[in-house]
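Could you build the full structure based on these sequences and the hints that come with them?
In the order they appear, the protein sequences are chains A and B. If you want the working numbering, it's the 1-based position in the first sequence plus 306. If you want the working numbering, it's the 1-based position in the second sequence plus 306.
By construction, these hints were calculated from the structure, which means they are not laboratory data.
Just so you know, same-sequence chains aren't split out, so a pair can sit in one copy or run between any two.
Okay, derived cross-link-like pairs now, SDA-like style, lysine to any residue, Cα gap no bigger than 25 Å in a straight line:
| hint | residue 1 | residue 2 |
| --- | --- | --- |
| 1 | K651 | E669 |
| 2 | K587 | M460 |
| 3 | K621 | Y378 |
| 4 | K433 | D585 |
| 5 | K621 | T373 |
| 6 | K668 | G642 |
2 protein chains.
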Amino acid sequence: MKKYAEMTKEELSKEIEELKVQYKKYQDMSLTLDMSRGKPCTEQLDLSMGMMDALNSGVDLRSEDGTDCRNYGGLTGLPEARQLLGDMMENNPSNIIIYGNSSLNVMFDTVSRAMTHGVMGNKPWGKLDKVKFLCPVPGYDRHFAITEYFGIEMIPVPTNEEGPDMDMIEELVSKDEAVKGIWCVPKYANPSGYSYSDYTVRRFARLKPAAKDFRIFWDNAYCVHHLYDDRQDHIIEILAECKRAGNPDLVYKFASTSKITFPGSGLAALATSPNNMEDIKKQLKIQTIGHDKVNQLRHVRFFKDIHGLTEHMKKHADVIRPKFEAVEEALEKNLGELDIGKWTKPNGGYFICFNAREGCAKEIVLLAKKAGVTMTEAGATWPYHEDPHDSDIRIAPTYPPLSELQTAAELFCLCVKLASAQKILENM
Amino acid sequence: MKKYAEMTKEELSKEIEELKVQYKKYQDMSLTLDMSRGKPCTEQLDLSMGMMDALNSGVDLRSEDGTDCRNYGGLTGLPEARQLLGDMMENNPSNIIIYGNSSLNVMFDTVSRAMTHGVMGNKPWGKLDKVKFLCPVPGYDRHFAITEYFGIEMIPVPTNEEGPDMDMIEELVSKDEAVKGIWCVPKYANPSGYSYSDYTVRRFARLKPAAKDFRIFWDNAYCVHHLYDDRQDHIIEILAECKRAGNPDLVYKFASTSKITFPGSGLAALATSPNNMEDIKKQLKIQTIGHDKVNQLRHVRFFKDIHGLTEHMKKHADVIRPKFEAVEEALEKNLGELDIGKWTKPNGGYFICFNAREGCAKEIVLLAKKAGVTMTEAGATWPYHEDPHDSDIRIAPTYPPLSELQTAAELFCLCVKLASAQKILENM
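Given below as C-alpha cells:
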C-alpha cells in the first residue's frame with residue numbers, strides 16, 4: 307500500500323472516507339475495551355493463588371532467625387525475604403530493606419524525606435530555592451507525579467534504544483547543583499520496553515554530580531519480567547558498578563513483587579549503599595515499627611527461592627507473550643507500510659510505546675475513546691503531561707483477554723490511520 | 307508496716323541492708339525478664355491463627371463490590387473493611403480510609419504531609435518559623451519521636467484521671483497560632499490506662515484554635531481493648547462531637563488492629579471529616595496505588611463483623627487480665643502501706659503507669675536492669691525523654707508469661723523500695 311504522505315489529495319480523501327466507514331462500524335459495536343492499564347490479567351493473578359495456601363493455622367510462623375513474624379519488630383525485613391529479593395535484584399541481602407506493599411510509596415517517602423531532612427546530612431531540599439529532577443522521556447507518569455507534587459522542576463531527557471541521552475545528563479548533572487535526582491526505569495522501561503545498554507549504565511555509575519546529594523532513582527520494576535526464555539535483556543547491576551566507579555552512594559534502587567504475585571499485596575524493596583541505609587533507617591525507625599513480616603514469610607514459603615520465582619515468571623510470560631505478539635502483529639499488518647508511526651518491540655515489561663506522527667497522539671486516543679477503547683492519556687508519559695510532539699502513546703496489552711485485545715488493537719490501528727490521514731490532508 | 311518517710315535514720319539504714327540482701331538474691335538468679343514492651347504474648351497471637359485459614363486458594367478473593375482484591379486499586383479500602391473498622395471506631399465507613407499495617411506510619415505521614423504541603427490549603431508547617439505540639443504527659447514515646455524528628459517544639463501538658471489539663475490546653479491553643487496539634491490517646495491511655503471523661507472530650511470538641519490548621523491527633527489505639535466485661539470505659543465519639551460543636555475538621559482519628567490480630571500484619575485506619583479526607587486523598591493518590599486489599603479481606607472474613615471482633619477481644623482479655631492483676635497484687639502487697647509510689651488501675655489497654663517518689667524513677671529502672679528485668683526507660687513517657695520529676699515508669703504486663711511476670715513484679719517492687727529508701731536517707 308502507498309504511504310499516506312505520498313498520496314494525492316484525492317487519494318487521501320478517498321482513504322479517509324473508507325476509514326470513516328470502518329470506524330463507524332466499530333462505534334456501532336458499543337465496545338468497552340481497555341489498553342490503558344499496566345495491570346496483570348486474571349489468568350496471571352491465578353498463577354499466585356498457591357501463595358494463599360503457603361501459610362495456614364498449622365504452620366510455624368517463625369522466620370529462619372527465630373523471629374515470631376506475628377509480632378512487632380524487624381525494621382529491615384526477614385533474612386529469608388532479603389535473600390529472595392536480593393537474588394531477584396542482584397544485590398547483597400544486607401544492602402536491602404523490605405518495605406510494605408508498594409515501591410511507589412517507597413519512592414514517594416524517599417523524595418519526601420529528602421525534602422524535610424535532606425540526604426546524608428545535606429540541606430533539606432525543601433529549604434532550597436530550586437530543586438530539579440531529570441526525567442527521561444517517555445517515562446512513568448507516577449514518577450513524574452511525585453516530583454510534581456513536591457514542586458520539583460522536571461527536565462525531560464530524550465531516550466533511544468540504548469537509554470537516555472547521557473551527554474545531556476552528564477552536562478546537566480555536573481554543572482547544576484540544583485539537579486538532585488533522575489527517574490530511571492533501566493530494564494524493559496515503562497513505556498518503551500527497552501533496556502539501558504552497558505555503556506549507558508557505566509556512564510550513570512561514573513556521573514560526577516555538582517550536588518553531593520544527587521541520587522539516581524533506579525526503579526528496576528521489571529527486573530525479572532521477561533517475555534521470552536531465549537531473548538532476555540540484561541543490564542549491569544548498578545550498585546556494584548557505582549561501587550567500582552568510586553560512587554557507592556549514588557543510587558537508590560527500587561523493586562517489588564507487584565507484578566509477580568498480587569499487585570497491592572506484594573513486597574516492595576529498596577537496595578542501596580550502607581551509608582544510604584543508615585541515613586534511611588534514621589527516619590524509618592520513627593515512621594514505623596516494621597513492615598508486614600507475615601506477608602514476607604508467605605512470599606518466601608511460596609517461592610522457596612529465586613529458582614522458584616524464575617519458574618513462576620515463565621508462567622507469566624506464557625500468559626502475556628501472546629498478547630504482546632497480537633498487538634505487534636496488528637500494528638505490523640495495518641501500519642507496517644504506511645509510515646505513520648513507529649512502535650517498540652520489547653523483550654519484557656508491561657508496555658509497547660507507539661510513536662505517532664507529530665501532532666496526532668491526542669486525536670488517536672480521542673478517536674479510540676469515542677469508539678469504546680480506553681488508551682493511556684496522550685501526554686501521560688511526559689512531565690506535566692506535556693508531550694511537545696504530541697506523539698507518544700503507551701499501549702498496555704496485559705490486562706484485556708486476548709480476543710478483546712485483538713479487537714482493540716485493530717481499532718487502535720484504524721484510529722492511527724484516520725488521525726494521520728486527516729493530519730496529512732490538513733497540512734497539504 | 308511503717309512508712310519509709312516516717313522511719314528514723316537507723317530504721318531506714320537497717321531496712322536498706324535487708325533490701326540489699328534480697329536484691330542480691332535476685333541478682334544471683336541471673337534473670338532475663340522484660341516488662342518494657344507493649345507487645346501481645348504468644349498466647350494472644352495464637353488467638354488469631356484462624357485468620358491464616360480465612361483465605362486459601364479455593365476462596366473467591368473478590369470483595370462485596372466485585373473488586374478483585376488481588377489486583378491494583380482501591381485507595382480508601384474495601385467497603386467491608388471500612389464497615390468493620392467503622393464499627394470498631396464508631397465512625398461512618400465513608401469517613402474512613404484503610405491504610406497498611408501501621409497506624410504509627412499513618413500518623414508520621416500525616417505530620418510529614420502537613421510539613422511539606424500544609425493542612426487544607428494553609429501554609430506548610432515546614433515554611434513556618436515555629437511549630438508547636440501539645441503533649442499530654444505521661445504519653446507515648448513514639449508520638450513524641452515523630453514530632454521531635456520534624457523539629458516541632460513539644461509542650462508537656464499534665465494529665466489526671468479525667469484526661470489532660472483542659473484549662474491549659476484551651477489557653478495555649480486559643481492564644482498561640484504556632485500550636486498546630488496535640489497528641490491524644492483518649493482511651494486506656496499509653497501509659498496511664500485512664501480514659502478521657504465526657505467533659506474532657508466535650509471541651510476538646512469545642513476548642514477555638516488560633517491556628518486554622520490546628521488538628522487533634524486522636525490515637526484511639528485501645529478502643530476495643532477492655533480487660534473486663536463488666537468494667538469498661540466509654541468515651542464520647544470525637545468526630546461526632548466535633549460536628550455537633552461546629553468544629554467538623556478538628557480531628558484526625560487513628561486506630562489499628564495491631565493488638566487485635568497480628569502486630570505488623572494488621573490494618574491501620576484513619577477517620578476524619580470529608581474536608582480532611584479530600585485533603586489527604588490529594589496526597590495519597592500520589593503516594594500509592596492502594597493498600598493491601600487481600601489482608602483487608604482476610605481480616606473481614608476472619609471476624610465476619612463487629613460482634614466477631616468483640617468476642618475475639620474477650621479472649622485477649624482473658625489472657626492478659628491475670629497479668630494486670632498479678633502486677634497490681636504485687637504492687638499492693640509490697641508497696642501498699644509504704645507511701646513510696648502510686649500506680650494506675652486501668653480497665654483496659656496495655657499499660658500500668660507507676661509514679662515513683664520524685665527523683666527515683668531512673669534509679670529504680672537501673673536497679674531492675676542490673677538484676678535482669680528490663681523496664682521501659684525512665685523518662686520515655688515525656689517529650690525529649692525528660693521527665694522533670696524523674697517519677698513516671700511504664701509497666702507493660704502483657705508480653706512475659708505469668709510466672710515470669712510475677713517474679714519481675716516482685717523484683718520491681720523491691721527496686722522501688724530500695725531506691726526510695728536510699729533517696730529518703732540521702733535527704734535526711
